[in-house]
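> Given the coordinates of chain A, work out where chain B should sit on it, guided by the hints.
Now for the letters of each chain:
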Amino acid sequence: MAVTPPEQRIWWNEPIERVELIWIVIAFLWGLFMFVFMIAWHFIGQQNLSKEAYRVTPSSYEEKVEGFAKKYQVREEQGVPVVKPQAGSDVYLLARLWQWWPILELEKGVSYRIHLSSLDWQHGFSLQPININIQVHPGYEHIISLTPTQSGEFGIVCNEFCGIGHHTMTGKIYVAERTRAEAEQRPVEGR
Amino acid sequence: MTAEAVVGAVRANPEFRTCQYTGLKVDAAAQALIKANAVAAVIFLAVGGLMGLLVALTRWPAVHLLPAEWFYLVLTGHGANVLLFWIIFFEIAVLYFASAILLNSRLASPRLAWLGFVLMVAGAIATNVAVLQGDSSVMFTSYPPMQAKPHFYLGLVLFAVGALIGCGIFFATLVIAKEERTYEGSIPLVTFGALTAAIIAVFTIATGAIILIPTWLWSLGLIANIDPLMYKVIWWAMGHSSQQINVSAHVSIWYLIAALLVGAKPLSEKVSRTAFLMYILFLQLASAHHLLAEPGLDASWKIVNTSYMMYLAVMGSMIHGLTVPGAIEAAQRRNGYNRGVFEWLRKAPWGNPAFSGMFLSLIFSGFIGGISGVVLGTEQLNVLMHNTIYVPGHFHGTVVAGTTLAFMAATYLVLPLVFQREIIWPKLATIQPYLFGIGAAGISLFMMGAGTLGVARRHWDITFSDANLSFAYSAGAFLMMGLNGIFAIIAAIGGILFVLVVVGTVFFGERIKGGHKLTFPLNSGGGAVVSHYGSEATIKLPGTIILIAIFFVCFVLYYFINWKYLSELWLFH
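Protein chains in written order, with this note's numbering: chain A, 1 to 191; chain B, 1 to 573.
It should be emphasised that the hints constitute simulated quantities derived from the structure, not laboratory data. Small disclaimer: the values here were computed from a predicted structure and weren't measured. All the given hints hold, so there is nothing to weed out.
These stretches of chain B come out as covered by chain A in the derived footprint (C-beta under 8 Å, 3 or more residues):
| id | stretch |
| --- | --- |
| 1 | 62-73 |
| 2 | 225-239 |
| 3 | 454-463 |
Here are the simulated distance ranges between beta carbons:
| id | chain 1 | residue 1 | chain 2 | residue 2 | range |
| --- | --- | --- | --- | --- | --- |
| 4 | B | 346 | A | 165 | 53 to 59 Å |
| 5 | B | 178 | A | 165 | 56 to 62 Å |
| 6 | A | 152 | B | 489 | 36 to 42 Å |
| 7 | B | 431 | A | 40 | 46 to 52 Å |
| 8 | B | 489 | A | 40 | 41 to 47 Å |
| 9 | B | 466 | A | 152 | 21 to 27 Å |
| 10 | A | 79 | B | 63 | 30 to 36 Å |
| 11 | A | 152 | B | 479 | 20 to 26 Å |
| 12 | B | 546 | A | 129 | 35 to 41 Å |
| 13 | A | 18 | B | 277 | 20 to 26 Å |
| 14 | B | 23 | A | 40 | 53 to 59 Å |
Taking lysine-lysine pairs in the DSSO-like style, the calculated list, with each CA pair at most 30 Å apart, reads:
| id | chain 1 | residue 1 | chain 2 | residue 2 |
| --- | --- | --- | --- | --- |
| 15 | A | 51 | B | 564 |
| 16 | B | 517 | B | 25 |
| 17 | A | 108 | B | 564 |
Where is the CB? At the ideal position from N, CA and C, for every residue including glycine.
Excised from the complex, chain A in its bound form (with noise of 0.2 Å):
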């Protein structure tokens, strides 16, 4: 029994049963392939978190992104900048308590490299109804080239625990179809 010592003294001479080797076998080659798709998905798949980063300290992360949004605000919503960067250009957001920072207006089919980092505490960067959840740290500036594939309204929830105000935690993104001369004017950026 498993509560007494093994029958026989020597048990790792016993042979092994056929269902549990199958067994065993297909466990290891499943595994095996899971293995291999996750770096298959470098290559074949449009979905790969970036690892591109760089220290930063959040006052000179705060400059940029203000600068940011001073150059590109197109309006003003809820006391909240809106701001529609260049096409295919360095996008910068803001983490912190408790806000999203600028509104973002993008476009649909354009590829954005967008910056993320936090000014005081860790937060969660979570596009819904989407569902593209990334960590945000202060002191490290993230940079992922986003490509929005839909158009709408979109919000940003916080969903790292942030603090009293965590739940009221939001920001927006706004991405809008291309308008039909300037999609002739730029080929589709892929990936």
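Only chain B this time, still in chain A's reference frame:
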């Protein structure tokens, strides 16, 4: 150097009694320590479980019970009390049982073991006080730069030191048993599983000290800065590995209960032990599971670590998933339940809460906790669920429906065999594992459902009524959170019944004397071996093969469904 030299003086004359049901020699000091640790465990389960119910009722949008400050406070306390204190106290009891009792040995240095116990109690109380004072609502994970009061961290450190002493007592007892030849040959499989748990525990606790001591100094103002990313890498080497202690411990308990109740013998000692060995070698790589959505980490590092080195530890669990039901089937066929494919399972002792709890734990931890864990831990798929309520959904499948249910099942053996009290209210005890198990499985599944729809974890208000920029989750997400609340109530009823039965039995249960017949009898074979592998009359283990095939199909389908979800996301690289 003898074991005594390591842990202190030899006891003058250890007292033993012989168990009338198993024939095992029971050291009185070990018995007292097992009782103390089990009682402490149940107290923290009661406190933490109640906090869990309050959390679930607050997250049920139609009820929304607590105000925000209380919600975050109670959520912090819930994590610490059940995930850490309940489980580790019980695990220390399991370690003492699997060493001293199963090996017919005296326990090494009981006085030191009591010191460990006192440190654990003091630490658990200090952390609870910090949480209840209200300015340490930093969640169980306490990610910097968010800071708790110093005694929050200090309590955790003290608790860990106490638990480390418990592990040391376990190792020393193994050495004593070997020296004094209290058993023949190799240690039993259950003890081997407990040894696995203890080895992982040492790694876990050491890592905990490496990160929590500097964090404590930081909270005292002696260290200026804790890098948040560095903290996570090390903290999760404790946080996730401690779940691997649970896996090793609850798998050991599956084998234990199967042996005591149906006389099951491992199909192959070699295979089951190798599966445990895989845990020691690879499970602690899982820190990466919590870092898949972080900045700056390389994909190759993530892939190797998150897969436990090519899923070799997952393979270990899949092997136990075959060998535990397989051993039960083989034993039951020996016991005479040999008709058809599933008579062995139908005629299993389902009315015995130790068996029903154990088997439900096996099913839920495999189907819910196991499969969701692999999916959640896949490098790219993680982005779909990171920090959503899918994550608690997953670990309530492993830690509540798996570990906690298995520990509850084991308690139904500990009460008559160690406390020597007959279980009172046997009818309530019989339904308890079903209520708790179904409740726990429900909360896991519905949290996973809500997480798939994007709902954030650790979030007080998913209607965002106070937010500057409004946002609304889908109606389906609200439905899932409501169902989660309903199943949390079912689980809570199961939990309350458990505490009532345990407390009632400990204080008012009939004392068990010689010749007493147990309400929930052990396998008639007692200590003897009932089962040998297979059976002449039938194909060997058809029932288990069917169960395993169903499991594997679910696993593969669910895995690929999530890749399909991923492929529909916006593009990023």
